[in-house]
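Starting from the known structure of chain A, arrange chain C on it as the hints suggest.
Keeping their order, the protein sequence lines are chains A and C.
Take the first sequence: its letter number 79 is residue 415 in our numbering, and every next letter is one higher.
Take the second sequence: its letter number 26 is residue 362 in our numbering, and every next letter is one higher.
Hints may be right or wrong, so weigh each one.
Note: identical chains are not told apart, hence a pair may lie in one copy or across any two.
[Said to hold, decoys possible] Below, a list of computed lysine-lysine pairs in the BS3-like style, where the Cα atoms sit at most 25 angstroms apart:
id	residue 1	residue 2
1	K354	K385
2	K385	K411
3	K354	K457
4	K451	K354
5	K385	K451
Hints are computed from structural coordinates only; laboratory data are not their basis.
What follows is the residue order along each chain.
Number of protein chains: 2
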Amino acid sequence: MHGRDCPSRTVIEVLANKWALYVLGAIRRYERPMRFSELRRLLDGITQKMFTQTLRSLERDGLIRRDVYPTVPPKVEYGLTPLGVDVGWLTNAVAEWAVENVDQIFAARDAYDEKAIETTKQL
Amino acid sequence: MHGRDCPSRTVIEVLANKWALYVLGAIRRYERPMRFSELRRLLDGITQKMFTQTLRSLERDGLIRRDVYPTVPPKVEYGLTPLGVDVGWLTNAVAEWAVENVDQIFAARDAYDEKAIETTKQL
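Next comes chain A alone, as it looks inside the complex (with noise of 0.2 angstroms):
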């Protein structure tokens, strides 16, 4: 396994991360670069706080480009880096997955509750 320090638990790091991998799915499902509140607002139940942090957190990585157009008031655009393109399809088969196997997951969950009462029934 990745020991503490190795630099590829990092890279996990980035994509364990529900929110990065919103942001980077709402990007790559509009095919442009998004307005900063255009993006906040597909993104249900994120704070601003976090919101920002993800944004920066992806920019440092290299998989988002943050896009400042001299207008008044600045525009400002976010849009994927070649390399937040190719991880899209990483996303995008994490999203389908979770799609496809929900059901079973949630009957799994039920089965392990049902199991749980009986067994604090017969305590």
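This is chain C only, laid out in the frame that chain A set:
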């Protein structure tokens, strides 16, 4: 985008968890059920609480199986369910992508940090 109550979003969150990815990856790599202590040794940096929680939620979601053998003391092993095997190609793809792109991501980080220092100097 997925709304806050979208079921598949719940499932994405199962996978957007680095420890869940590491546990699934470790059992997958060993190709056989593993003991609690054996598995934990491979997960450098995990706390006991997080390890127990991760195992419990993977079991509840039907991705791993907990087998208890009635020996003294009882032997407990964790193995992949068919669904856990199925998700393995995804967790493996995430790990492979990480290994392949780690240099590019680290270079992007350096460039970003350097630019941030430059900007600070100009202020």
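task = Mind listing which of the numbered hints don't hold for this structure, in increasing order?
result = Hints 3, 4 are the ones this structure does not satisfy, whereas the remaining hints hold.
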